[in-house]
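2 protein chains.
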Amino acid sequence: MEVEVRIKLKQGVADPEGENTKKALMLLGFSNVNSVRTVKTFIIDLNEEDGSKARAEVEEMCEKLLANPVIHEYEIR
Amino acid sequence: MEVEVRIKLKQGVADPEGENTKKALMLLGFSNVNSVRTVKTFIIDLNEEDGSKARAEVEEMCEKLLANPVIHEYEIR
Chain A
12 MEVEVRIKLK QGVADPEGEN TKKALMLLGF SNVNSVRTVK TFIIDLNEED
62 GSKARAEVEE MCEKLLANPV IHEYEIR
Chain B
12 MEVEVRIKLK QGVADPEGEN TKKALMLLGF SNVNSVRTVK TFIIDLNEED
62 GSKARAEVEE MCEKLLANPV IHEYEIR
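These protein sequence lines map, in sequence, to chains A and B. Number 88 marks the last residue of the first sequence (my numbering); no jumps. Number 88 marks the last residue of the second sequence (my numbering); no jumps.
Don't take every hint at face value.
Identical chains share a label here; the pair holds if one copy fits it or two copies do between them.
Here are the simulated DSS-like pairs of lysine-lysine, each with C-alpha atoms no more than 25 angstroms apart in a straight line [as the list claims (entries may be wrong)]:
{"hint": "1", "residue 1": "K33", "residue 2": "K64"}
{"hint": "2", "residue 1": "K33", "residue 2": "K75"}
{"hint": "3", "residue 1": "K64", "residue 2": "K34"}
Simulated from the structure, these hints should not be mistaken for laboratory data.
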């Protein structure tokens, strides 16, 4: 089954990619942009049909590799 | 209002970040990973309360800046 995990920056952590995207949009004439935030999404296809087992495994992947607990929070869908 | 746009690689386009993430997960012992795909998500906060106008504007942003039509497809939520 496929599990989607979203890796977001924690509140208060700078998002330079989002800020630069906003600047570029403003320069292109999109003047009503308040903010741009970026989220990294991984779609992981697992050999596991049990939804709760798959989620638990992806949670472990986040803890061990995908997310940095200092700056990221993650959400498994 | 906030508009979310997902920038995905078109089918058939290599996703080296996803492939390397899969390799790293396998090395960490997650042996039942079939594939990992990456998606870039932008959350854009606009000074525009009309949903269809906001979506149209974000679509223009994708065409002009956020997505590369050669390799990406995008989805506005």
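Hint check:
Within a single copy, K33 and K64 get their C-alpha atoms only as close as 39 angstroms, which misses the 25 angstroms cut-off; across copies the closest is 18 angstroms, which meets it. Within a single copy, K33 and K75 get their C-alpha atoms only as close as 32 angstroms, which misses the 25 angstroms cut-off; across copies the closest is 13 angstroms, which meets it. Taking the shortest alpha-carbon separations for K64 and K34, only the inter-copy value of 21 angstroms comes in at or below 25 angstroms, while the best intra-copy value is 42 angstroms.
In summary, the structure agrees with every hint in the numbered list given earlier.
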